[in-house]
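Single-letter residue listing:
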Amino acid sequence: MTTSTQVPQQGVTGAMHRDQAMRLLPWMVGVLAVLGALALQSQLFLGQQRTVAAIFMFVSLAQAWNLIGGFTGYACFGQVVFFGIGGYFTAIAISHWHLSFWVSLLLSGVVAALFATLIGLPLLRLKGHYFAIATLGVAEGMREVVTNLPDLTGGGAGITIPTVGPDATTAYLGNEGFYVLFLALAALSVLVGGLVARSKFGYALRAIHQDEDAAAAVGINTTRMKVLAFALSGFITGLVGATYAFQQVTIFPQRLFDVNITVLMVIMVVIGGSGTVLGPLLGAVTLQFLSEFLRQNFTDLHIFILGAIIIVAVILLPQGAVNYVREARRTGEFSLLANVRKYRL
Amino acid sequence: MSAFLQATVYGLLQGGLLALVAVGFSLVWGVMNVVNLAHGAFVILGAYIGWGMHQEFGLDPFLGMFVSAAVLFALGYVTQRLLINLVVNGPIFITLLLTFGLELVMVQGMNLAFSADFRSIETSYAGESLALGSVRVPVGRLLAFALAVAITFLLVALVTRTRTGMSIMATGMDRGAARLMGIRARHVYALTFGIATALAGMAGAMIGTVGTFSPAAAGSFTLMSFVVAVLGGLGNMYGALAGGLVIGLVQAWGGQYLPGTWVNALAFLVLIIVLVVRPTGLVGKAFYAARLEV
Amino acid sequence: MSTVPVLETRGLGRSFGGLRAVSDVSFSVPEGQVLGVIGPNGSGKSTFINLVTGHIKPTQGRVLIDGRDLTAARPWVIAHARVARTFQIVKPFRGMSVRENVAVGILYGPQGTNVMAHALKAADEVLEEVGIAGLGDRPPGELSVADARRLELAKALALRPRLLLLDEVMAGLRHTEIEPSLELIRSLKARGITVIVVEHVMKAILAVSDRVLVLHQGQVLTSGDPREVLADPRVIEAYLGHRYAKRRETDS
Numbered sequence: 001m002t003t004s005t006q007v008p009q010q011g012v013t014g015a016m017h018r019d020q021a022m023r024l025l026p027w028m029v030g031v032l033a034v035l036g037a038l039a040l041q042s043q044l045f046l047g048q049q050r051t052v053a054a055i056f057m058f059v060s061l062a063q064a065w066n067l068i069g070g071f072t073g074y075a076c077f078g079q080v081v082f083f084g085i086g087g088y089f090t091a092i093a094i095s096h097w098h099l100s101f102w103v104s105l106l107l108s109g110v111v112a113a114l115f116a117t118l119i120g121l122p123l124l125r126l127k128g129h130y131f132a133i134a135t136l137g138v139a140e141g142m143r144e145v146v147t148n149l150p151d152l153t154g155g156g157a158g159i160t161i162p163t164v165g166p167d168a169t170t171a172y173l174g175n176e177g178f179y180v181l182f183l184a185l186a187a188l189s190v191l192v193g194g195l196v197a198r199s200k201f202g203y204a205l206r207a208i209h210q211d212e213d214a215a216a217a218v219g220i221n222t223t224r225m226k227v228l229a230f231a232l233s234g235f236i237t238g239l240v241g242a243t244y245a246f247q248q249v250t251i252f253p254q255r256l257f258d259v260n261i262t263v264l265m266v267i268m269v270v271i272g273g274s275g276t277v278l279g280p281l282l283g284a285v286t287l288q289f290l291s292e293f294l295r296q297n298f299t300d301l302h303i304f305i306l307g308a309i310i311i312v313a314v315i316l317l318p319q320g321a322v323n324y325v326r327e328a329r330r331t332g333e334f335s336l337l338a339n340v341r342k343y344r345l
Numbered sequence: 346m347s348a349f350l351q352a353t354v355y356g357l358l359q360g361g362l363l364a365l366v367a368v369g370f371s372l373v374w375g376v377m378n379v380v381n382l383a384h385g386a387f388v389i390l391g392a393y394i395g396w397g398m399h400q401e402f403g404l405d406p407f408l409g410m411f412v413s414a415a416v417l418f419a420l421g422y423v424t425q426r427l428l429i430n431l432v433v434n435g436p437i438f439i440t441l442l443l444t445f446g447l448e449l450v451m452v453q454g455m456n457l458a459f460s461a462d463f464r465s466i467e468t469s470y471a472g473e474s475l476a477l478g479s480v481r482v483p484v485g486r487l488l489a490f491a492l493a494v495a496i497t498f499l500l501v502a503l504v505t506r507t508r509t510g511m512s513i514m515a516t517g518m519d520r521g522a523a524r525l526m527g528i529r530a531r532h533v534y535a536l537t538f539g540i541a542t543a544l545a546g547m548a549g550a551m552i553g554t555v556g557t558f559s560p561a562a563a564g565s566f567t568l569m570s571f572v573v574a575v576l577g578g579l580g581n582m583y584g585a586l587a588g589g590l591v592i593g594l595v596q597a598w599g600g601q602y603l604p605g606t607w608v609n610a611l612a613f614l615v616l617i618i619v620l621v622v623r624p625t626g627l628v629g630k631a632f633y634a635a636r637l638e639v
Numbered sequence: 640m641s642t643v644p645v646l647e648t649r650g651l652g653r654s655f656g657g658l659r660a661v662s663d664v665s666f667s668v669p670e671g672q673v674l675g676v677i678g679p680n681g682s683g684k685s686t687f688i689n690l691v692t693g694h695i696k697p698t699q700g701r702v703l704i705d706g707r708d709l710t711a712a713r714p715w716v717i718a719h720a721r722v723a724r725t726f727q728i729v730k731p732f733r734g735m736s737v738r739e740n741v742a743v744g745i746l747y748g749p750q751g752t753n754v755m756a757h758a759l760k761a762a763d764e765v766l767e768e769v770g771i772a773g774l775g776d777r778p779p780g781e782l783s784v785a786d787a788r789r790l791e792l793a794k795a796l797a798l799r800p801r802l803l804l805l806d807e808v809m810a811g812l813r814h815t816e817i818e819p820s821l822e823l824i825r826s827l828k829a830r831g832i833t834v835i836v837v838e839h840v841m842k843a844i845l846a847v848s849d850r851v852l853v854l855h856q857g858q859v860l861t862s863g864d865p866r867e868v869l870a871d872p873r874v875i876e877a878y879l880g881h882r883y884a885k886r887r888e889t890d891s
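Chains as they are written, first to last, in our numbering: chain F, 1 to 345; chain E, 346 to 639; chain R, 640 to 891.
Quick caveat, the hints were computed from the structure, so don't treat them as lab data. One or more hints might be untrue.
Below are the DSSO-like pairs computed for lysine-lysine, each with C-alpha atoms no more than 30 Å apart in a straight line [as the list claims (entries may be wrong)]: (1) K885/R x K842/R; (2) K730/R x K828/R; (3) K342/F x K127/F; (4) K730/R x K760/R; (5) K760/R x K127/F; (6) K730/R x K696/R; (7) K885/R x K200/F; (8) K730/R x K342/F; (9) K200/F x K696/R; (10) K828/R x K760/R; (11) K696/R x K885/R; (12) K200/F x K842/R; (13) K828/R x K842/R; (14) K828/R x K127/F; (15) K127/F x K200/F; (16) K885/R x K730/R.
Pairwise CB distance ranges, derived in the manner of DEER restraints [stated by the list, open to error]: (17) R529/E x E781/R: 30 to 40 Å; (18) D708/R x V325/F: 18 to 28 Å; (19) L316/F x A415/E: 50 to 60 Å; (20) A522/E x S654/R: 22 to 32 Å; (21) R50/F x G605/E: 48 to 58 Å; (22) A415/E x S654/R: 16 to 26 Å; (23) R341/F x S474/E: 36 to 46 Å; (24) E781/R x T509/E: 34 to 44 Å; (25) S783/R x R341/F: 21 to 31 Å; (26) S654/R x L337/F: 26 to 36 Å.
Covered stretches of chain F, as calculated for chain E (at least 3 residues, CB under 8 Å) [stated by the list, open to error]: (27) 119-129; (28) 137-149; (29) 234-248.
Every residue gets a Cβ at the ideal spot worked out from N, C-alpha and C, and that includes glycine.
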């Protein structure tokens, strides 16, 4: 083996290795981030762990919404219905049917996914505002239904999951346990998001988003793909709701089906950059941090300021931070004013 | 039987008022494809202005509502011109988020300015009732109903018979063509939004006389406007009137005969069914269905 | 070569409220033929394509593809039956590269590849066939009209169709761009693909069609040899109006 024949071969293999490394990079960063978060836990007080767990919770919710709203382009404004269904199913399963939390958790996800399939079949035929409003109607309606079935759900007075004593089926996880569980759900949601983004399925969803007629014309079963995305999104959201319910111990319909939760997730995805994997992650972390910071330092005004920030962010960065950066790097056009001009009348 | 009649009368009276609350929302959605999540906040703001006029100057709320209308028209015009116009060409959830942010700002603003207490505007005559057979018809509600219906008819006349109204309709149907005809779309949009918020404000002032209000009620008015607008067909003002009456009746009968708050769930079910089966509404035609945007 | 026509319609019709956009259209296309479909604006040509490809449901009649009744089948079922179409106003996937646009059809079409890399490579081959091989990495928004049409065709060819419906692919092309497009259609025919060309540009219709079908007000006016059809006074009257046809009569 002479040097002259070795060098070109190394060059080609070198390029291949670099490509493979580039593809693996996000996964490696992800693993590091999870390990980092676990390491962080030992440095935080219990109260702080609860706060950070909330960030993880919103990361999952944002990633899940992104599947149907970001990739597929069907902006669901009733997403909280899956959160609530997951939470209430777990509460009922533990309290009334004496199932363990872990079994209830899994079943909650499945029930939420089934519900998503059920409503997805008629509603995913609607476009734009109509889909948004119809799903909002479902969420609001479900809240009313849960409120009016007090024997099953405790109605407006809420339902309490037994966590101590003979009725408790699973030991309460505590702040530390929930930190890890919410982290696991966040990691799962980012993993699912990443897998979907790079897969054949992701191409179908994006095709549907970018031109549904053309997608159907090239052989994509748009109904099946949309319902699948919706069900997957519902599944993850259901898991999160179930975990939240167990954490809160006592839950109320007003909270578990609160439209503000949906809007928060949507804002996080949109500001971060919808249709990307990094966007919802960044958006969730940033907004939740911001919200906590404002709540602690400007208690009276924090919602007011949050609203103002949302208005400004939506005007200046309608496509979200990640998409803005990618486009700007591609076209060399960094001006925010030019950005505003894109969507203005 | 008389309970049924009473509920029916109540439902119709309330329905007329709901129609006025929703008609502006429907107009904005139909003409500009903007869903204003802050609509309920404008209604409540109108109520506060009416209440304020009554507290400070003893102004009868049925006159104070004109002050509400003026103030809210200006506010709405500026909001559309300076804020919403900036995102109108983007994907729909951008406008939804913008108006949501606006709602947060307005509702919290009102909470800070007026506190979250329930208020109402007490007038001497509003509590009195006329008697129609066995049915009680409260004067305040009757007046509100009559005015609401009259204003809706006036709105239709404005939109169909004046130049301004024509420019609004034209811009709603085909913005590009309208602009080519010399219509200033930015101004027309702002005008439309201003009219919508003015109507919301008037409805708010009247609501202040027939019940209590607080900033927290904003959301439910927005949601209710959705249902009425969808039922009546987007941009269809007579449809909003019909939709309002239907919802008023559903609420009244539901409240009378259904336990708990099932009536609310029913209203949402109606919304979903209408959207899936007949998105153009019970009354509406596919007026703005084919939209060309330039 | 089988004797079953690739496409057959029987009494196909669609009404929108009171308007009969297409009514009672019956004809068949044997394998390997190039059928030109012409008709004045509003004659129902685009609706007709949408009815065959499942984008609109017929209110009457039947659509048979290779003898199979696929009336009112959803567009993806039609695609899997090896029937592809282009859209009159091109519909690229704006957020994907040109190559990815074509790859989607290879992934989800009758071939059903599951490996992205294979699909992307096969996409490049299709881009080569239509003549835009070098544009694979570009976003569709940057393409010229002629290239955008080629992309549209490439997306259809990704399905490796037996039947291809072209919806006014020549519209708005410059003279110099029309001949290469005609060449492309001829090469498709040479590969055994049955093509239905819906067109306004008469020179193109004459140049490539084996047979011509004329639609007028949603119905079949006549069909047959291209030259005969285009000289048919009824066709001239449909396009140019009754008075012009009368004048032509009195002139000749």
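Practice task
Check the following: the C-beta atoms of S654/R and L337/F are separated by a distance inside 26 to 36 Å.
Solution key: Violated, at about 50 Å.
Problem - Status of the given 21 to 31 Å range, CB of R341/F versus CB of S783/R - result: holds (25 Å)
Problem - Given coverage of the stretch 234-248 of chain F by chain E, tested with a Cβ cutoff of 8 Å and a minimum of 3 residues - result: violated (count 0)
Practice task
Count the residues of the stretch 137-149 of chain F whose CB lies closer than 8 Å to any CB of chain E, then report whether that count reaches three.
Solution key: holds (count 8)
Handout entry: Whether the CB-CB distance between L316/F and A415/E falls inside 50 to 60 Å
Key = Check failed, 32 Å falls outside 50 to 60 Å.
Handout entry: C-beta pair R529/E, E781/R: status relative to the range 30 to 40 Å that was hinted
Key = Cβ of R529/E to Cβ of E781/R: about 33 Å, so the range 30 to 40 Å holds.
Handout entry: Given hint K200/F paired with K885/R - CA-CA distance at most 30 Å
Key = violated (60 Å)
Handout entry: Supplied distance hint 48 to 58 Å, evaluated on CB atoms of R50/F and G605/E
Key = violated (34 Å)
Exercise for the section: Starting from K730/R, check that the Cα of K342/F is at most 30 Å away, please. Expected result: Distance of about 21 Å is within 30 Å: holds.
Handout entry: Agreement of K730/R and K696/R with the hint, judged by alpha carbon distance not exceeding 30 Å
Key = holds (21 Å)
Practice task
Please work out if K200/F and K696/R have their alpha carbons no farther apart than 30 Å.
Solution key: holds (29 Å)
Practice task
Kindly confirm whether 34 to 44 Å is satisfied by the beta carbon distance between E781/R and T509/E.
Solution key: About 42 Å separates the Cβ atoms of E781/R and T509/E, which means 34 to 44 Å holds.
The structure fails hints 5, 7, 11, 12, 14, 16, 18, 19, 21, 22, 23, 26 and 29 (numbered hints given earlier, in ascending order).
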